[in-house]
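For the record, the sequence lines run as chains A and B.
Here the first sequence is numbered in our numbering, starting from 22 and rising by one per residue.
Here the second sequence is numbered in our numbering, starting from 22 and rising by one per residue.
The list treats identical chains as interchangeable, and a pair is accepted whether it falls inside one copy or across any two copies.
Only pairs whose alpha carbons sit at most 20 Å apart, straight line, appear in this in silico EDC-like list of lysine to aspartate or glutamate:
1) K208 x E86
2) K74 x E206
3) K208 x E57
4) K180 x D123
5) K132 x D143
6) K132 x D67
No lab work stands behind these hints, which were simulated from the structure alone.
Listed here are the chains, written in short residue letters.
There are 2 protein chains.
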Amino acid sequence: MKQKLRVIGIDDSPFKFEDEDVLVVGSIVRAPNYLEGVLSTRVKVDGLDATDKLIQMISNSRFAEQPCMIMTDGAALGGFNLIDLKKLWKQTGIPSLSISRDEPDFVKIKKAMKKHLPDWKDKFNKISSGDIYKIETEHKPIFVQIEGIDISEAERIIKLFTIRGRIPEPIRMSHIVASGIVRGESKGKP
Amino acid sequence: MKQKLRVIGIDDSPFKFEDEDVLVVGSIVRAPNYLEGVLSTRVKVDGLDATDKLIQMISNSRFAEQPCMIMTDGAALGGFNLIDLKKLWKQTGIPSLSISRDEPDFVKIKKAMKKHLPDWKDKFNKISSGDIYKIETEHKPIFVQIEGIDISEAERIIKLFTIRGRIPEPIRMSHIVASGIVRGESKGKP
Chain A
22 MKQKLRVIGI DDSPFKFEDE DVLVVGSIVR APNYLEGVLS TRVKVDGLDA
72 TDKLIQMISN SRFAEQPCMI MTDGAALGGF NLIDLKKLWK QTGIPSLSIS
122 RDEPDFVKIK KAMKKHLPDW KDKFNKISSG DIYKIETEHK PIFVQIEGID
172 ISEAERIIKL FTIRGRIPEP IRMSHIVASG IVRGESKGKP
Chain B
22 MKQKLRVIGI DDSPFKFEDE DVLVVGSIVR APNYLEGVLS TRVKVDGLDA
72 TDKLIQMISN SRFAEQPCMI MTDGAALGGF NLIDLKKLWK QTGIPSLSIS
122 RDEPDFVKIK KAMKKHLPDW KDKFNKISSG DIYKIETEHK PIFVQIEGID
172 ISEAERIIKL FTIRGRIPEP IRMSHIVASG IVRGESKGKP
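All chains, please: the whole structure from these sequences, using the hints.
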């Protein structure tokens with residue numbers, strides 16, 4: 022029997038740095054792309070509440086028990102509102118993973134953080150301390166950070182949920198939803 | 022070569038009758054369920070702007086040329102804000118169809134309209150004048166009204182976009198999105 026794997030894919034909406042907060046969407050998807058549910062919350066632009074808001078959003082929902090993985094688009098939401106993957110995994114009990122299209126450029130990130138954030142040092146240390154794995158795809162590679170799962174299993178699940186390009190469906194769908202709701206029309210790629 | 026059929030499926034979010042307006046979501050889906058885009062707008066509860074808002078939402082988007090059909094969940098949005106299918110079809114150039122799970126009970130509808138709407142007569146005449154087709158599914162039947170397409174072609178497209186149950190994916194996905202965004206968690210079936 023084929024296993025019914027479910028993933029929650031998370032992305033935020035477009036925003037301007039003067040906005041106070043930003044819409045965050047979680048799509049619950051059964052492999053490879055059957056939409057079963059949508060969750061939503063808001064997090065502060067450049068704030069500190071992303072991890073707690075995600076934990077609340079998922080744990081308070083009826084989807085808390087089902088997913089085999091949480092996937093987030095990048096390591097932060099709403100600018101530099103960092104996602105603590107280890108805390109997300111420990112508190113929800115669901116292995117957690119962030120995906121980036123580009124290898125993090127820590128020189129650039131440090132510079133941007135210094136400019137925007139008084140408390141940049143702690144944040145920078147957190148973002149730059151975890152292992153980053155490179156996964157090859159049919160297109161360009163992706164870069165992932167993981168908690169609660171090993172990289173070979175993470176890679177297997179990513180592939181199960183990827184249809185076109187290199188972004189898994191749960192994240193791609195959340196990107197389209199968040200952008201379509203906030204702008205009136207979804208644009209571009211996550 | 023397999024034709025790449027696209028449909029826009031439309032549903033509104035949950036609302037209370039004291040709300041002024043309601044979120045409306047349009048999902049652009051390639052058969053059977055690949056999400057390509059999301060559009061959104063707002064219409065007045067029990068208002069008169071549903072048709073014009075849908076025409077604007079679709080015509081101003083980059084998806085205006087692609088879909089072979091617009092599918093709406095029921096004949097109205099935001100309570101009794103009726104969708105004029107003929108106008109929607111004529112102005113967008115896209116054949117339009119509304120789907121209901123239940124055979125319209127015109128006695129009940131008339132009663133509800135009389136209670137809520139001063140201008141109920143015109144609205145009731147419009148809603149009760151079009152042909153209603155019953156389509157059998159593996160589950161219960163659905164009831165549709167159509168403009169710009171014949172019923173056999175409409176039925177073929179509905180089946181192409183239906184995966185589970187009797188509601189085609191573009192409407193089912195818009196229902197999940199609208200409800201997940203407004204409530205924080207999607208619930209129930211469209």
